[in-house]
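Chemist: Work the whole structure out from these sequences, hints included.
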Amino acid sequence: MQKEVNQSLAREFGLSAEEYGKVLEIMGRTPSLTELGVFSVMWSEHCSYKSSRVWLRQLPTKAPWVIHGPGENAGVVDIGDGLAAIFKMESHNHPSFIEPYQGAATGVGGILRDVFTMGARPIANLNALRFGSPSHPRTKRIVDGVVRGIGGYGNCVGVPTVGGEINFHPAYDGNPLVNAMTVGIAPKDRIFLSAAAGIGNPVVYVGSKTGRDGIHGATMASAEFGADSEEKRPTVQVGDPFTEKLLIEACLDLMATDAIVAIQDMGAAGLTSSSVEMAGKGGVGIELDLNMVPARETGMTAYEFMLSESQERMLMVLRPDREAVARAIFEKWDLDFAVIGHITDTGRIVVRHNGQIEADIPLAPLNDEAPLYTRPTTETPKGEKLNPARVESRVGLASALETLVGCPDLCSRAWVWDQYDSTVGGQTVKRPGAADAAVVKLEGLKRALALTTDCTPRYCAADPETGGRQAVAEAWRNLTAVGARPLAITDNMNFGNPEKPEIMGQFAAAIRGMAAACEALDFPVVSGNVSLYNETERRAILPTPAIGGLGVLDDAAQAVGLALPPWLDIVLIGATTGWLGQSLWLREIAGREDGAPPPVDLVAERTNGDFVRGQILAGHVRACHDVSDGGVLVALAEMAMASGIGLRISTHPRDIPGHAYWFGEDQARYLLAVPDSTATIKAAEAAGVPALRIAVSGGQDLTLPDGGTISVQALRDAHERFFPAWMDGETKGD
Amino acid sequence: MKAGIVVFPGINRERDMAIALEQSSGVKPRMIWHKETDLSGLDLVVIPGGFSFGDYLRCGAMAAQSPVMASVRAHADRGGYILGVCNGFQILTEAGILPGALLRNAALRFLSMDCHLRVERSDTVFTARYQKGQTFRAVMAHGDGNYFADDATLDRLEGQGLVALRYTTQQGNVPLGDITKDANRNGSVRSIAGIYTPNLRVLGLMPHPEDMVDPLMGCTDGKPLFDALAAA
Numbered sequence: 000m001q002k003e004v005n006q007s008l009a010r011e012f013g014l015s016a017e018e019y020g021k022v023l024e025i026m027g028r029t030p031s032l033t034e035l036g037v038f039s040v041m042w043s044e045h046c047s048y049k050s051s052r053v054w055l056r057q058l059p060t061k062a063p064w065v066i067h068g069p070g071e072n073a074g075v076v077d078i079g080d081g082l083a084a085i086f087k088m089e090s091h092n093h094p095s096f097i098e099p100y101q102g103a104a105t106g107v108g109g110i111l112r113d114v115f116t117m118g119a120r121p122i123a124n125l126n127a128l129r130f131g132s133p134s135h136p137r138t139k140r141i142v143d144g145v146v147r148g149i150g151g152y153g154n155c156v157g158v159p160t161v162g163g164e165i166n167f168h169p170a171y172d173g174n175p176l177v178n179a180m181t182v183g184i185a186p187k188d189r190i191f192l193s194a195a196a197g198i199g200n201p202v203v204y205v206g207s208k209t210g211r212d213g214i215h216g217a218t219m220a221s222a223e224f225g226a227d228s229e230e231k232r233p234t235v236q237v238g239d240p241f242t243e244k245l246l247i248e249a250c251l252d253l254m255a256t257d258a259i260v261a262i263q264d265m266g267a268a269g270l271t272s273s274s275v276e277m278a279g280k281g282g283v284g285i286e287l288d289l290n291m292v293p294a295r296e297t298g299m300t301a302y303e304f305m306l307s308e309s310q311e312r313m314l315m316v317l318r319p320d321r322e323a324v325a326r327a328i329f330e331k332w333d334l335d336f337a338v339i340g341h342i343t344d345t346g347r348i349v350v351r352h353n354g355q356i357e358a359d360i361p362l363a364p365l366n367d368e369a370p371l372y373t374r375p376t377t378e379t380p381k382g383e384k385l386n387p388a389r390v391e392s393r394v395g396l397a398s399a400l401e402t403l404v405g406c407p408d409l410c411s412r413a414w415v416w417d418q419y420d421s422t423v424g425g426q427t428v429k430r431p432g433a434a435d436a437a438v439v440k441l442e443g444l445k446r447a448l449a450l451t452t453d454c455t456p457r458y459c460a461a462d463p464e465t466g467g468r469q470a471v472a473e474a475w476r477n478l479t480a481v482g483a484r485p486l487a488i489t490d491n492m493n494f495g496n497p498e499k500p501e502i503m504g505q506f507a508a509a510i511r512g513m514a515a516a517c518e519a520l521d522f523p524v525v526s527g528n529v530s531l532y533n534e535t536e537r538r539a540i541l542p543t544p545a546i547g548g549l550g551v552l553d554d555a556a557q558a559v560g561l562a563l564p565p566w567l568d569i570v571l572i573g574a575t576t577g578w579l580g581q582s583l584w585l586r587e588i589a590g591r592e593d594g595a596p597p598p599v600d601l602v603a604e605r606t607n608g609d610f611v612r613g614q615i616l617a618g619h620v621r622a623c624h625d626v627s628d629g630g631v632l633v634a635l636a637e638m639a640m641a642s643g644i645g646l647r648i649s650t651h652p653r654d655i656p657g658h659a660y661w662f663g664e665d666q667a668r669y670l671l672a673v674p675d676s677t678a679t680i681k682a683a684e685a686a687g688v689p690a691l692r693i694a695v696s697g698g699q700d701l702t703l704p705d706g707g708t709i710s711v712q713a714l715r716d717a718h719e720r721f722f723p724a725w726m727d728g729e730t731k732g733d
Numbered sequence: 000m001k002a003g004i005v006v007f008p009g010i011n012r013e014r015d016m017a018i019a020l021e022q023s024s025g026v027k028p029r030m031i032w033h034k035e036t037d038l039s040g041l042d043l044v045v046i047p048g049g050f051s052f053g054d055y056l057r058c059g060a061m062a063a064q065s066p067v068m069a070s071v072r073a074h075a076d077r078g079g080y081i082l083g084v085c086n087g088f089q090i091l092t093e094a095g096i097l098p099g100a101l102l103r104n105a106a107l108r109f110l111s112m113d114c115h116l117r118v119e120r121s122d123t124v125f126t127a128r129y130q131k132g133q134t135f136r137a138v139m140a141h142g143d144g145n146y147f148a149d150d151a152t153l154d155r156l157e158g159q160g161l162v163a164l165r166y167t168t169q170q171g172n173v174p175l176g177d178i179t180k181d182a183n184r185n186g187s188v189r190s191i192a193g194i195y196t197p198n199l200r201v202l203g204l205m206p207h208p209e210d211m212v213d214p215l216m217g218c219t220d221g222k223p224l225f226d227a228l229a230a231a
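Note that the protein sequences, when read in sequence, are chains P and A.
Residues in the first sequence are numbered consecutively from 0, following numbering that gives the first Met the number 0.
Residues in the second sequence are numbered consecutively from 0, following numbering that gives the first Met the number 0.
Simulated from the structure, these hints should not be mistaken for laboratory data.
Even glycine gets a Cβ: it sits at the ideal position worked out from N, Cα and C.
Do not take every clue at face value.
Capping the alpha-carbon separation at 25 Å, the derived lysine-lysine pairs in DSS-like fashion look like this [to be verified]:
1. P:Lys61 with P:Lys208
2. P:Lys21 with P:Lys187
3. P:Lys445 with A:Lys27
4. A:Lys1 with A:Lys180
5. P:Lys331 with A:Lys27
6. P:Lys187 with P:Lys445
7. A:Lys1 with A:Lys27
8. A:Lys131 with P:Lys331
9. A:Lys222 with A:Lys131
10. A:Lys1 with P:Lys208
11. A:Lys34 with A:Lys1
12. P:Lys445 with A:Lys222
13. P:Lys49 with P:Lys61
14. A:Lys27 with A:Lys180
15. P:Lys21 with P:Lys61
16. P:Lys2 with P:Lys21
17. P:Lys139 with A:Lys180
18. P:Lys187 with P:Lys49
Here are some chain A residues the structure puts well away from chain P; computed CB gaps all over 12 Å [stated by the list, open to error]:
19. Pro8
20. Ile18
21. Asp37
Modeler: Structure (C-alpha cells):
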C-alpha cells in the first residue's frame, strides 16, 4: 500500500509548501512516492546546503597547491614527491546521539569512503568530539559508545586514529558532536572524480547489499530533535568495517587499472544522491533498474531502494570493455558487483523496478533549482573585555594549575586514545598527545603529514567571528608547532537551527572570521561539511566550526613534540596581555563564563608562526607547544608532564596580575625549548617577534613564580584521574 | 631466510610486516593470498595482524579454516619457521598449531599502547639477537590479547621452556599473573605475551615488533628479531 503523495506527505518528508510547489512545477504532475523521496533528500539541508551555501562562498578555496577544492568528495592538495593528500571531515552528530556506537562507527566509515573513492589509500583518521556535561546522566553512555564506535571501526579497517579533540559543555547534553576526518594519499595524476560520462557506459554497484537501514537519514540530520528521538533509532545505519576494508582494497586494485570513468560512494541519501550527483555533474542522464541492485531483504520497494543508507556501497561508471576486469577484482574480494544501469543522453534519471517506471526526473532542475535561502541573521551581542586587575584570584598558582590540568576539558585523553589503534601502518611519528599535531610519515619517503583538529566553542559562542578566526588560527598554529608547513583545511560547521536569526548570525560571523584567517594565513578550505539543526528541545549547541588542518614536513625527522628535555631554556613567543575573558581559568577557578574571547591578530599569528617554524626547521628547537586553553602555565605543565622533567619558572612582569599572566589565553603564542635562549631571542627581535625566557627545565618539580611548588608526578596524577575514574570507576592506586 | 606473508581478508598489518622484513633482509617478502596453497620455497611464513574476516566470529577462527592453513600446518610439520603476530597468533591457536587461546582483554577494552617484553630465552632463531632476560619495547594494539591456557598446559610450556616473551615493566619486572597498569595490561595468564612450539620454530606473540623498527616511530627495539630471521 503506497501513501498518497500530497503536500502533507511532502511536509512529513521535510519539504516546505513552497518547495513542494517547485517540485510540482518541475514535474508538471504529482510526483510518485519515489520521486518525492528523491526530491526531499536531495533538497534536504544535509544534501543541498540550502541555508549555508550563500555564506560558504565567502571562504577562500584556492592556492597554488590546491588540486581540487570543495565540490568533490574530498579536498585534494599537492604535497610534493608527485603525491596528493586527499582529506575531509564530516559530522555524524544526530546518529551518534541516538545510537552512539553505530553512529560514530558509520561516521568513520562514511568519511573513509569519501577519501578512498578519489583514489587515495587512507593513512590517518582524526576526530573532533563534543559531549554534554560529565554530570548529565546520558553523557557517560554516549562517550563510551562513541569512543568504542570510532575504535571499533577504525581499528578494524586498519587506518590509524592519530589525533582529535574532546570538549565537554552542557550545551551538548542533548546533542553531542561527532566529527570524523580521514586523510589519504594518492599519486597526484591519479585522482578519481565523480562526473559520469560516456553514453551507454555501465553503471556498476559494488560493496554491501542494500537493506532497509538508514532510510531518510539525511532528512533526520536536517531537523531538530524532540523527546521522540529514541524512536528514530531505525534511521541509524549499522557499520561493517570488515566489508569496508575489502572495499578499500578492491577499489584501490581497480583504480590501478584504467576501468573507472567515475566513482562515488553512497553516503547520505544512498543511491539517490550518488546517481543524481554523478549524472548531474557529468551533464548526462542515468537509467537504473532496481531489480539488479543486490538486496539484503526481500520485498523492498523502489522508494526504499533509493532512500536506503546501507553502508559500505559504491557506485561507479566503467568503461564497457573493462567490465570483466572489474568484476574479477570484486569477486576476489568476495564483494557484490552488479551492473544496475547505464548512462544516457536524456539528462533525466529514470528508475525502473519490476518493469514499472518508478521515477523519471529531469536532473538539471533537481540539481540546479535546489532551494537556496539567505536566511535572516542577527549579530551575537559582544561581551565586554575583562580587566584582569578586576578579576580576583583566591587560590595560588599551584592549586589553580592542579585543578585546571585535571578538569574535563584539559585532562589527559589517554583513556580515549588507548582504545584507538594509532600505530597500524607503521608510519606514526607523533602519536596522540606526543605533539601539537599528529605526524604521519609517507611510506618509503622522508616526507610526512602533520594533522590536527581544532575549535574553541566557548570563544565561538561569545563572539562567533573571533571564534571562527581562532579555530583556523589554532589549527595553523598546531601544525606550525611541529615544524610543518600548513597547507589547507577541511571544515565541519556544526550549528543550531538556521531558521533562527541568532543561529544564522553565528554561522555568518563564524564564516567571516574563518575567511579572514584562511586569507591571512594562506590556508584555504578544500572540503567541508555543514551540520545544522543541532538542537534538542529548542536548545542549541555552542556554535562549533571544527577545523581539520593539514600540513607537510619535507623530512619527518625534523618534527618536534612537546616532551620537555632537561636543562633547556623555555622561551615564550608572542605577546601576553593577561586576557582572562572566556578563559578556562575564569570558568574552572572563578566559576564565570563571560567576557570577550581573546582577539586574534592575524598579522601576529603569521609573523610569530613563521618565526617558530623557521627555528624548528633550522634545528634550534628541542620541544615546542602552542599556548591555548589554560594559558602559559598549563602549556608549561603539559610539556613537563609529557617527559616527567620539571621546570623553574621565572617571575612575571609586574603590570599584569599573576593569575592573568599565567592563565590568560592571549593568542599567537608558543613555548620553545631551546639550548640557547639568547640566540633565539635575538633572532626573534630581528623578526619583530616578542620573545621572553620564562623558565628553565630540570628536576622533578614545577617551581612557580609565586613561591609555590608542585611535583610533575602530582600534576600527572591530577591530569590522569578524570577519565578512568569517571568511565570505569577506577581510582588511582588500585 | 626466504619469507612470505599470508594475507587473509581483513588483515591490516601486512604492510608493516613487509617493511620490517625487507628492511632487515633487503628482500621483499612474497605476499600469499589466503586461497593459495603453494608455500614452496619459503623458509619463513608470517601471519600478520589485523581483523581476519572482521573477527566477527572468535578472533582467528574463520581464518584458521582458510585453504592456505593446511599448507601452513604442513609447513610447520616439516619444521618450517612460522611467525604469527597479534591476529596471526590468534589464528595459530585457533588452528591448533600453538596451544591456549586469546581471550578478551581483562578490562574489556581495546588496548593500543607501548608495552615491554622480557626475552625468556635467546637461543631461538627469533631471539638470537637479544639477550636472555633483556627487556624490549613493542606496540600492542588488540582487543583480545589475554592469553589463557589450563594449568597443565602452562606447566608444560614453562617446563619445556616454550614461553617466549612475558609482559614486564620497563625495568624488567614481571608481575605475577595479575593485571597491572605498567606491565601486563591485558591480563594474560602468567604474563605470557608469546609462546613457541616444542621445536622452537613457531612463535606466536600479541605485540607488534614490526612497528618498532625505525627510530622515527619511537625506537628500533623490534629490529633484532627481523635481523635474526634475515640472517638465519
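Chemist: It remains to establish, for every hint, whether it holds in the given structure.
Modeler: Going through the hints against the structure:
1. P:Lys61 with P:Lys208: 39 Å, violated
2. P:Lys21 with P:Lys187: 41 Å, violated
3. P:Lys445 with A:Lys27: 20 Å, holds
4. A:Lys1 with A:Lys180: The hint is violated at about 38 Å.
5. P:Lys331 with A:Lys27: 23 Å, holds
6. P:Lys187 with P:Lys445: 18 Å, holds
7. A:Lys1 with A:Lys27: 9 Å, holds
8. A:Lys131 with P:Lys331: 45 Å, violated
9. A:Lys222 with A:Lys131: 16 Å, holds
10. A:Lys1 with P:Lys208: 41 Å, violated
11. A:Lys34 with A:Lys1: Judged against 25 Å, a Cα distance of about 20 Å means the pair holds.
12. P:Lys445 with A:Lys222: OK: Lys445 (chain P) and Lys222 (chain A) at ~19 Å, within 25 Å.
13. P:Lys49 with P:Lys61: Between Lys49 (chain P) and Lys61 (chain P) the Cα gap is close to 23 Å, so the pair holds against 25 Å.
14. A:Lys27 with A:Lys180: 38 Å, violated
15. P:Lys21 with P:Lys61: Outside the cut-off at roughly 34 Å; violated.
16. P:Lys2 with P:Lys21: 20 Å, holds
17. P:Lys139 with A:Lys180: 23 Å, holds
18. P:Lys187 with P:Lys49: Measuring from Cα to Cα gives roughly 32 Å; hence the hint is violated.
19. Pro8: Its Cβ does come within 12 Å of chain P, the nearest being 6 Å, so this is violated.
20. Ile18: 6 Å, violated
21. Asp37: 17 Å, holds
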